[in-house]
Amino acid sequence: MRKVLMTLGIFLMLALPGVAQESAAQMAPATAGQGADPQTGLAAVLARNVTKIAKPSRMTIGPVIDEIAASGPGASRFLQAWADRRVGLRTSDDTLFLIEKKGQDYALSDPVTGASAGTAPRNEISEVKPNSGVRAVIGAALVRFLLSDPDPTKRREALTAIERDGEASHLAPLRASIAQEPDAQIRLEKQRLERLLTIRFGKDAGERVAAIDSFGADTGLDLRATLNPLVATQRKAFDGAPQGNVAKTLRLGRDLSEGEAYALLVAAKMAPERISDGAMKQALAANVVNGSVGGLPLADMSDPAKRELAYSALAKAGTVAPRLSEAEAQALIDAHSYADIYAEPDAAVTKAAEAGLARVSRKVGLMQSVDLGLDGLSLASIYFLAAIGLAITFGIMGVINMAHGEFITMGAYTGYVVQQFVPDYTASILIALPLAFAITFGAGVAMERLVIRYLYKRPLETLLATFGISIALQQLFKNIFGTQARPLTSPPWLDGALQINDIVSISYIRIAIFVLALVFLGLYLWVMKRTRLGLEVRAVTQNPSMAASMGINPDRINMLAFGFGSGIAGIAGVAIGLFAKVTSEMGQDYIVQSFMTVVVGGVGSIFGTLAGATLIGGLQKGIEFLNPSNTLAAQTYMILFIIIFIQFRPRGIVALKGRAAGD
Amino acid sequence: MRPGFLAKNPSVIWFLLILAIFTLTITLLSHAYGPGVISTSMVKTLGKTLCLCLIAIAMDLVWGYTGILSLGHFAFFGLGGYMIGMWLMYERTRDIVLASASDFPMTPQELQDAIGSQIFGVVGSSNLPAIWSFAGSLPMQLLLVVLVPGLLALVFGWLAFRSRVAGVYLSILTQAMTLALSLYLFQNESGLRGNNGLSGLQNIPGLSADQDHSSVWFLWASALALALGYLLAAAIVAGKFGSVMRGIRDDEARVRFLGYPVEGFKLFVFALTAVIAAIAGALYYPQAGIINPGEMAPIASIYLAVWVAIGGRGRLYGAVMGAFFVSIVSSWFTGGRVPDVPLGFYTIKWVDWWQVLLGLAFVLVTLLAPKGLSGLVDLIAGLRSPRRGGAPLGPDAGSLQQEEARE
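Chains as they are written, first to last, in the working numbering: chain D, 2 to 664; chain Y, 177 to 583.
If you're looking for bench data, these hints aren't it; they were derived computationally from the structure.
Keep in mind that a hint or two might mislead.
Result set (DSBU-like, lysine-lysine): computed pairs, CA atoms no more than 35 Å apart in a straight line [what the hints assert, rightly or not]:
| # | chain 1 | residue 1 | chain 2 | residue 2 |
| --- | --- | --- | --- | --- |
| 1 | Y | 525 | D | 582 |
| 2 | Y | 416 | D | 103 |
| 3 | Y | 547 | D | 479 |
| 4 | D | 364 | D | 352 |
| 5 | D | 458 | Y | 184 |
| 6 | D | 364 | D | 237 |
| 7 | D | 317 | D | 282 |
| 8 | D | 249 | D | 102 |
| 9 | D | 530 | D | 458 |
| 10 | D | 282 | D | 155 |
| 11 | D | 307 | D | 249 |
| 12 | Y | 525 | D | 479 |
| 13 | Y | 547 | Y | 525 |
| 14 | Y | 184 | D | 56 |
Values in this document were obtained by computation on a predicted structure and should not be read as measured data.
The following block holds chain D by itself, in its conformation from the complex (with noise of 0.2 Å):
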């Protein structure tokens, strides 16, 4: 009886904040009523339990903080006080209250109307100090006023703390406060932690796998916390079936060895703990007798079954401890079942649990998959990038240029000295990504008419001088920038990422790399489809005799048409450079990637590069995704699958036919 009208106290308390005092009141007598004592609600809670709060111990004080935050009107602020230190017992006549120290006096106040009561020396108040067990007690209990305290923060706050340490006795106050929140957001929010705290501490399965049910494919890390400890399991050994909320009955051989077996009945004291075959070894040889243990001769011992009769024989004797041999202990492991068995004994809520998670895990996976195609088309524009301008110079002309991933370390490197120069990360992007075309447009032309121009004829050669041009220039930058890396720092503007959800998200630095190839895909376009330049490149390309017959001057067209291509490779480098380290090397990291994003596509089509671009950094991505702890792995494969991806179309995805695909 009084139980329940304790309840129906703390409920109409929490619930109607405004009256709780005047039906406090009224309760009161109805409370105290059974006993003699004359006081009513806190004060005659603290009457009763003077002793307990002043010398409180984590095992006895629930009960008596139960009671203070069910007697009405004040508890919440004596709980305070309690929990801060600040309360006091006066010695003379064993009464609580609430103290500040005042110089060398204490000013005292009424522990239930919080009025004033004079001071007290010193001498006279002893403090009551619970230790950090009791406060955390204190605080638990605290929580249900915090949850209909006016301030919107305060309440948030009593959230936050009961999603973090949640107990079953949150329940009933957070239930209660929810209908009288009135703030919209802090009561989704309250709902949604009464369904947690539901599934953790509901009464009943029904109860639980409703409240499971009810959040879906929610992918919130809280519901996965609440979740995950559910479907925990322990391994364990039986003799005969395996009790319990069975997970999974295990089979010998398939699922668990017969060595972790055996360590279960061990941990389980079903079996005697097995001298290892170390230990065996140790005391053979401590028991070696003129070259022989146990009878049998020492130089026998490098056969394990011999040891294993010698062991015996010394056991039999009595100078080693026995030892189950291999038979007896197979026969002990025959002889149990093993199973995974639920911590939570429900079967319902387990199940509940496990179906819960894998509609979970089912829209991560698909959430995650979101995430790796972004990160897929990230790598992929990076590697457009890089081979944009090979598909030029390459792709397009046919002249193979080791020094192509130099140009792109050229290209990072321009941005690095224009930092220097310009301090403001905005305005010397601006100003690096034209000069660093400059630059190794500069670079290019003079490349093609001092070395390629005399190669035309000879593909493998020029391979071979573009790689003597690369080691120059590579050795070229470590002097001059030395060996470690450079920063290429990007703008603010474009630090941070866009955060879609929990899982998927994407950095700007990568959307605008994307929307830089994007860029230079339409640039490409134009120039080769739209301008005379382009028209001419083509004309060369195709036929550069028929073409020098047309008025068109061949050599003037190669030279720019391989100046665009480096300073397309100029301007990668910048771009690569702001996420990536700047070194004399980042050019090699690139160049392989970027031959193989122009073979696999198709060579001297631009929608083919994009294709190859797509196809690798899609797949490395994924590669990665299978197997995440390994990147090399990751390329290894992916140049595998390039080079049987070639026997298959040797001309790349987007193969040109007719005149155009030349030889």
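For this one, chain D is given, so just place chain Y on it according to the hints.
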């Protein structure tokens, strides 16, 4: 009477003679058999250089004669080194384990585990992977030196040649293969100690001789292998087979239309040279003492092409000259023994600038001297290719050109 093989190829005799004199001189000047003018480390460097000359011959066969610019031969070289290195490391570790073990005999399993944890302790593992199953047997590992790279070359070559991948595409593909292999070996899971590689290979198990002696013996072995490799290569290129190889290099389609199975020829040359490269690697790495996947990076294979190009393609002695010259000069420059050049405002340190020099030299050789160093031999021998310029003589006089007709 038809002239014999050696009479037709005087360069072979010259080559063998020079090689013999070289080996003898080094032996007599070494610590082990002479006054010790040449240090043991120098003997090792020279022995290694001979191995590089051998792989350069392989490269010349595949590139200079058949026109396949393979950028993957250093992968085969490295694989050969790994195969012999596995035996060296296993045996040596076994000796160490046995020496440090107590009197109590070990079971085979315990021995295996002890060796495994010794070798793989650095990569945080302790059991020997399956690929080490034969590591205890020298004949098996020697067989693997030939088999593993040979089979890899066969499979790769078959795939590539079958789908008519040629020219620069093949170069890029072989480069990708090398990259894939070296990336694979960089992983700890590959079972070859990841980026630590195999080490301590200079100690030959069961050989009590010191490094002074064993380095000279390795020099002899390398010289012998080089001589045999040269003879084999010379025999191949001197015969009809060699003519077909050159035919494929100059006009593959025409050779195919004449009825030769071009793919088979290419595959044979590719696999054979892979095996030669592997043997060179198996001799190289015991002298180097350590092998790791970095050695197999694509750049090494490109350097190989650089040596052959600088030496002169299409001539066996050219390849040897190129490899010898460039690697000796390179070790001279990078060894820091070349005096710096003070320019007042800047001091040229050759350790830093050697690569630049090499790169530029390489461009110049490609552009100006396609014959490479072996062009010097022509100059000494007074050989000069005929001028083939001038106007055609017209249909009546065949397709000869003016200048050709005059000779």
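### Task
Check each numbered hint from earlier against the structure, then list the numbers of those it violates in ascending order.
2, 8, 10, 11 and 14
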